[in-house]
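Put together the whole structure using the sequences plus the hints.
Using our numbering, read the sequence shown as starting at 1 and increasing by one per residue.
Don't read these hints as lab results, they were simulated from the structure. Don't take every hint at face value.
As the list claims (entries may be wrong) - Once the Cα atoms are required to be at most 20 Å apart in a straight line, the calculated EDC-like pairs of lysine to aspartate or glutamate come out as:
1) Lys117 to Glu93
2) Lys183 to Asp166
3) Lys164 to Glu114
4) Lys117 to Glu222
5) Lys164 to Asp104
6) Lys183 to Asp157
This one's a predicted model, so the numbers in the text were calculated from it and none came from an experiment.
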Amino acid sequence: MPTQSRSPLLVVLLLLPALIAVQVTAGASESRAVAVAMEATATAVASIPTSTPTPPPTATVAPTATATATPSATPTHTVTPSPTPLPTPTLPEAALSGKAVYIDQELQTVFVFEDGKLIRTMPASTGRATEHTYTPARQGRIGHYVGTFSSFGTTQDEGWYLFKADGGILIHGAPYLVEDGVKVYQDLEALGNYPTSHGCIRLSPEDAEWFTRWGPQGAYFEVNELPERFWELERAGGG
Numbered sequence: 001m002p003t004q005s006r007s008p009l010l011v012v013l014l015l016l017p018a019l020i021a022v023q024v025t026a027g028a029s030e031s032r033a034v035a036v037a038m039e040a041t042a043t044a045v046a047s048i049p050t051s052t053p054t055p056p057p058t059a060t061v062a063p064t065a066t067a068t069a070t071p072s073a074t075p076t077h078t079v080t081p082s083p084t085p086l087p088t089p090t091l092p093e094a095a096l097s098g099k100a101v102y103i104d105q106e107l108q109t110v111f112v113f114e115d116g117k118l119i120r121t122m123p124a125s126t127g128r129a130t131e132h133t134y135t136p137a138r139q140g141r142i143g144h145y146v147g148t149f150s151s152f153g154t155t156q157d158e159g160w161y162l163f164k165a166d167g168g169i170l171i172h173g174a175p176y177l178v179e180d181g182v183k184v185y186q187d188l189e190a191l192g193n194y195p196t197s198h199g200c201i202r203l204s205p206e207d208a209e210w211f212t213r214w215g216p217q218g219a220y221f222e223v224n225e226l227p228e229r230f231w232e233l234e235r236a237g238g239g
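Written as structure tokens, this is what we have:
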């Protein structure tokens, strides 16, 4: 209980014996003393302040923050451009039945046909644009199988004879050196890009193997002219 509520009651308790003493001493005035004491007691009681209970503080509940989902960024799809299809060469009517091969020196690509339908394209590298190494334009029939042979310090596989120019012109796999029993192929980056051989038509090892399985002997073949741009490149020393 608070201190301010006990003080008036203590006064009453202290006054009460005094009032009783007055009553005993002055018997004649008993009635009056009692009345005075009762009045004093009533006054003291009335003066006791009534304590008003303080209500407990109301707990304020903070609203829980609602988690807002952050939308994920929509992935951007990288569109890979489709390679530009190579123009299909036109075969003469005589080559529209059976097997045929067109060697395009502009595109440095070999096109393989069956009954006029293109079945395979193979990156190639023809002869360099010099007097003694270029591949001349020619047409005819593919000759016999040569297989593996060596020339100019390298070895080639899957050779097929085409015709004779400044030496024999063959179509074969890329040249290689054998190092520790492993074939190390030369100038693979030229395939499909620029002429770099001594006159033959070079293919990748995989395409050369496929070509042999296909069985090209007796098939019609045609080689177009080596474009002037390669001659200019060679003269400029960029070949």
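Okay, the hints, checked on the actual structure:
Between Lys117 and Glu93, the direct Cα distance comes to roughly 13 Å. Compliance with the 20 Å bound is thereby established for this hinted pair. Among the hinted pairs, Lys183 with Asp166 is inconsistent with the structure: their alpha-carbon atoms are about 28 Å apart, more than 20 Å. With a CA separation close to 25 Å, the supplied pair Lys164 and Glu114 exceeds the 20 Å bound. Proposed proximity of Lys117 and Glu222 is supported: the alpha carbons are some 16 Å apart, at most 20 Å.
Between Lys164 and Asp104 the alpha-carbon distance is near 19 Å, which keeps this suggested pair within the 20 Å criterion. About 11 Å separates the Cα atoms of Lys183 and Asp157, which keeps this hinted pair within 20 Å; it holds.
When the structure is compared with the earlier hints, violations turn up for hints 2 and 3 and for no others.
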